[in-house]
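Please work from the sequences and hints to get the whole structure.
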Amino acid sequence: MFYDSADSPDCNDRDGEPSSFDRRAFLKAGCAAAAAGRLTGAGRALADEPTQTADHRMIVRTERPLNLESPSASLDSWLTPSGEVFVRSHHGAPATGLGPWEIAVEGLVERPFRLGLDDLKGLEPATRQAVIQCAGNGRALFRPRMPGTPWERGAVGHAEWSGVSLASLLQKAGLKPGAAHVHLIGGDVPPNPKTPAFTRSVPIEEATAAGALIALRMNDAPLPVLHGGPARLVVPGWAANNWTKWLRKIVVSAEESPEFFMQTGYRLARHPVPPGVAPDPKDLAPVTWMNVKSLISSPGLGATVENRPQEVRGVAWTGRGHVTKVEFSTDRDPAWRVAQLIGEPAQGSWRQFKIDWTPSAPGPCVLRVRATDSQGDVQPEKSPWNKSGYLWNGYDQVACLVS
Amino acid sequence: MKLAPMLTAVVVGVVVGLLYSPIATQCRSAVQDATTRTAVDDDDDDDDDEAAYQEVLAKRAIEENCLICHEAGMYTNQRLTPAQWKAEVDKMVSWGAPLPPADQPSVIAHLAKSYRDVDPAVPPGRVALATVDSLEIPRAEVEARSEVGDPAAGAVLYKTNCANCHGPAAQGDAQGLGPSLAGRAVMNSRAAYDEVVHKGLRKMPAFDKVLNPSQQHDVFAWLLKLSRDQAHP
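Respectively, the protein sequence lines represent chains A and B.
When we follow the numbering used here, the leftmost residue of the first sequence carries the number 117, and every step to the right adds one.
When we follow the numbering used here, the leftmost residue of the second sequence carries the number 37, and every step to the right adds one.
Honestly, the hints are just simulated from the structure, not real lab data.
Just so it is clear, the structure is predicted and the values come from calculations on it, not from any experiment.
There could be a bad hint or two in this list.
[Unchecked claim] The list that follows gives simulated cross-link-like pairs (lysine-lysine, DSS-like), each with its CA atoms no further than 25 Å apart: (1) A/K310 with B/K149; (2) B/K239 with A/K310; (3) B/K235 with B/K195; (4) A/K498 with A/K470; (5) A/K503 with A/K310; (6) B/K261 with A/K365; (7) B/K149 with A/K503; (8) B/K261 with A/K310; (9) A/K398 with B/K127; (10) B/K122 with B/K149; (11) B/K195 with A/K310; (12) B/K122 with A/K503; (13) A/K310 with B/K95; (14) A/K503 with B/K261; (15) A/K310 with B/K122.
Dropping the structure here:
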C-alpha cells in the first residue's frame, strides 16, 4: 500500500473524512480535531480563518484501478486544482507518449479523417467551466448497499476545460443521414480479452446542444493523463461516465453503442424500484444529466468548530439549468435558512454558497444543506435506491463538534 | 506444510464443501448453532481446523486469481450480502478471472464472511497524489535503451515464451493467466517491466535464466511496436 492509513490508533489525522453517519469514525475524528484545537490555542483563530490545517490528501478508494476521492478541503474553491480532482477509471490509464496522439472520426460521415492534436486545435475552440461528477458519487450512502466503488461525497470537482467543440469536429466530417449517436473509443485497454472495453456513446443532438467538447486542457494546463489526457470528452451538465477519457476514435452511428458499459452499466430506471425488484428493461435509460445536489466544503467532516458565529461554505450544482437556492439547517436547529449564492449562474458550473451560523450549544452537531434548481427540483433527504448506486443526491450532512 | 496431508485436506475440503455448504449456510440461527454445537462437540477442533484450512485456500485463490488485475482494497472495501458476493465473483469469472470452479464456493464464502453488508466500512487511506508511485499513473518516459531491441526478433521470442499466458497479441489470455500488456501503462515503465521479468510475479516465473538481456530488450521492443500499432487502428 502506498498511502498513509487513516486508521492510526492515535489521533493525528485532523480531517479524517469519516463516513457522514459512522458514529465510531465521527468520534475518532472528533478526538483528532480536539487535539488539533489544542494546537491552535484559545482565541488564536480569526473569524474567516480555518481553525485547522486543511487536509488536502486524496481519499483512497482503490489502488488498482486507481480510484481517489477529493476531501472537503479540496472542494472549497471555485475551480478544483487538477491534482485534487477525483480519479476514476475502469481499466487504468493507457501508456502515453509512445507516439503522436491522433483522433479518428469515422462511421456515418461523408469525410472520415484522423487529426493530430495540433490540427485539432485549428477547429472551433471551446472553453467551459463545468462540474465533473462520477455517476456513482455517493454510492456508499445508499442502503441497502450495492457493489461498486464506495464513493461518499467527493467524486466531484469543478474545472475549466478547453479544446474544440464536438459539433465542429462532426461538422468537419459531415454527418450522413441517420447519424444519431457517437461511439467514443478510449485508449484504455481491458486486462483480458473477455473483459468489456469501457466504450460509451452519446446522442449527438443532445450532447452537442449541451456544449460537448473535446478537452485538451484542464485549468489552463495540458489535460493530465489521470484525467484523460491528452484528450477527453466533456459534456457540461452530464455525469462523467459520458466524459470518455483518452479519446482516440469517434464512430458516428445510427444506434447507441452495443457494448456492456452502455447497455448494462450506467443505466438507471426512470421509475425507481425497491431492492430485489428488477426494473422493466424498457424503463432503463443511460445516465446522462446530473441531478440537483449540494455539498458543505467547510467545515469538513468531523471538524471541531468554535462555539461562536461563523461561516459555513459549500458548492451546489445541477444538470439542466442552474441552482437557484441552497438551504441550511442543523439537527439542533432544524428550520431551513436560505444561504447566500455567490457569483452568477452558469449551466454546467457549480455555484458557491455561504451562510452565517451560530451554534446553539457545545457538543456534537450535524450540519445539512439542500439545493433547488431552475427546474424546481429539490434535493430529497435520501435518494431513491437503485441497484448500481447512481446519482445519490440526498441532503449533504456534515457531523462536527462544537467546542 | 507436508504435501500428503495437504492434498488429503484439499480433497476432503472440496468434498465437504460440495456436500455441506448449502446446509451450513442455512444453520445460521443461534438456536440451530447451539444445537449443532452440542451434537458435534467432540468434532469442534476438527471443524475449526477445517474452517481455518478453507480460509487459507480461499485467500490463496484470491491472491493468485484476483490480484492479477486488482489489489486487495477492491474487495476489502466492499460490504455485501452472500448473494451479492456470488454475483460479483460470477461476473469476474465471466470477464476472464481464472478462478477455478472448485475454488469459487470457498472464495465466495470467505468474502461473504469477511466483508459483510452489515459491517461498517473501514476508514480509507489518504494520499497526496504527487507522492503516488504506481503503474496506475503512466509516466511518458520511454528510455532510449528500450528502443535498442529488435521487434522482429522480439515477436518470435514473445510467441515462444510469453504468448501462452499473455495472449498472442499481448491482449491478455482468455483463460486469464496473464493480463494484457500492449498499450497498458507498464509500457511507460521499463523499470517495472524489467523487475517482473527478472523476478517473476505470483504465477509468472522469473525469466532471467530463459531470456538474456538482449532478448528481453527485443521482447520489449515488440510490445512497444504493438502498443503503437494499437493506437492507430
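Those earlier numbered hints the structure runs against, lowest number first: 1, 14
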